[in-house]
Amino acid sequence: MTAEIQLPSKCRKVLEEIDKRNRKSDESIQLLDIDENCVLHIFILRDQFEQASDKPNQSTFGNKGLSVCVEGGRFGAIDLKSELKNFRARTGKDFVGIAHIKARTLLEENAFFKFVLVHDPYPFVNKDGSLEEQPTNHAQIVCDKDPTGKRVKLMELCEWTLHPSDFNDNDS
Amino acid sequence: MPTTANDSKVFVVDQQFFNYSVPAEVLLTPSATECAEPMIHERQNLEQNLIFHLSATRTAVEGHLRAMPISAPIPKPFQELRKLEFDWDGHRSEPPTEALIRKGEELWSILEELGLPELPSVKAGADGFLAFSWLQKYPAKHLEISLYERELDDFYCDWYLRKEEDTTEGSSDYPWGEMREVVIQYFNVRK
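Chains Y and U are the protein sequences, given in the same order. So for the first sequence, my numbering puts the first residue at 21; every next one is plus one. So for the second sequence, my numbering puts the first residue at 10; every next one is plus one.
Any given hint could be a false lead.
Beta-carbon label-pair distances, calculated as ranges [unchecked claim]:
1. 57/U with 148/Y: 23 to 33 angstroms
2. 36/Y with 122/U: 43 to 53 angstroms
3. 127/Y with 126/U: 18 to 28 angstroms
4. 126/U with 47/Y: 54 to 64 angstroms
5. 88/U with 47/Y: 30 to 40 angstroms
6. 52/U with 114/Y: 43 to 53 angstroms
7. 194/U with 44/Y: 47 to 57 angstroms
Hints listed in this document are in silico derivations from the structure and should not be mistaken for laboratory results. Note that this is a predicted model, so its numbers are computed, not measured. Yeah, the Cβ is synthetic: ideal placement off N, Cα and C, and Gly gets one too.
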């Protein structure tokens, strides 16, 4: 898939960064085989949730390397609430929901999005300078998310896996 | 551009303003003699130093801008944006720069002057942009304006407007002359 898609330099930097972390583990970078039945989950911050539209704000999808948790295919089922709790604890951020995009939908729209999905279970150096592990089902949707219309399309394609109203702060 | 060793110059930036000193190894234009020699390693070091110090200078400018008093009351969305720090989104993103936030405030004040029935939500996006979103009538009507910082003091924006099943999109350098028309089209406001 990468051979067919010309990524802009900002996106190539994301791939290089993953590759750099990956090299420390002596493996070659893995592009994820996308089983069309896979579901790609995205954690949503409280501030990104728009009550008026009942959707994440389009800004949620601006990252050139959009982090997702992959469920299905060669990855197992996810216990959503515990994934969210773990992610809140790991990042210390106020994540309150999980949205998802079906891999099938993305694949059907890939002429428009021009993405690559890269498996990224490799640890990274966090802001405190210590090495932080990532879940084995972590991947990044790498593509240019500009212009705004592209992010709006991602926003509209995503559906709630765990709606913020179904998540209680006390759960964490 | 220097052509002989005698012409070689060291550009010393007056750093008193930032209380920050540029070390002697940051030479922007080595002499022709030096250039002629194969000093790739040294050249790489110089480039790395230069990148590092340019980055530090930008950080100093950012700090200075943040410290400058703002005369008008800061609208709430921008107060929130100023609180963002590195890793604000849990994915190691940088916060929006002060310059981008100020440009966003400028855009906000233009919107306020238009006397619109609804002001947008303003959110930061990873990779350095601000999203202005009108979602009260979503999905029937939807307007998004995104403001990006291309590089220092160089901004552009793009927009997405959906109304009555028609979608229009576009982009422009900022300041953007058509912005009022697009917003007015969304609201049907006569100005």
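Hint-by-hint comparison with the structure:
1. 57/U with 148/Y: 23 to 33 angstroms: Roughly 24 angstroms apart at Cβ, these two residues keep to the hinted range, so it holds.
2. 36/Y with 122/U: 43 to 53 angstroms: 45 angstroms, holds
3. 127/Y with 126/U: 18 to 28 angstroms: At roughly 41 angstroms between Cβ atoms, residue 126/U and residue 127/Y fall outside 18 to 28 angstroms, so the hint is violated.
4. 126/U with 47/Y: 54 to 64 angstroms: 56 angstroms, holds
5. 88/U with 47/Y: 30 to 40 angstroms: 45 angstroms Cβ-Cβ, so the 30 to 40 angstroms window is violated.
6. 52/U with 114/Y: 43 to 53 angstroms: 46 angstroms, holds
7. 194/U with 44/Y: 47 to 57 angstroms: 52 angstroms, holds
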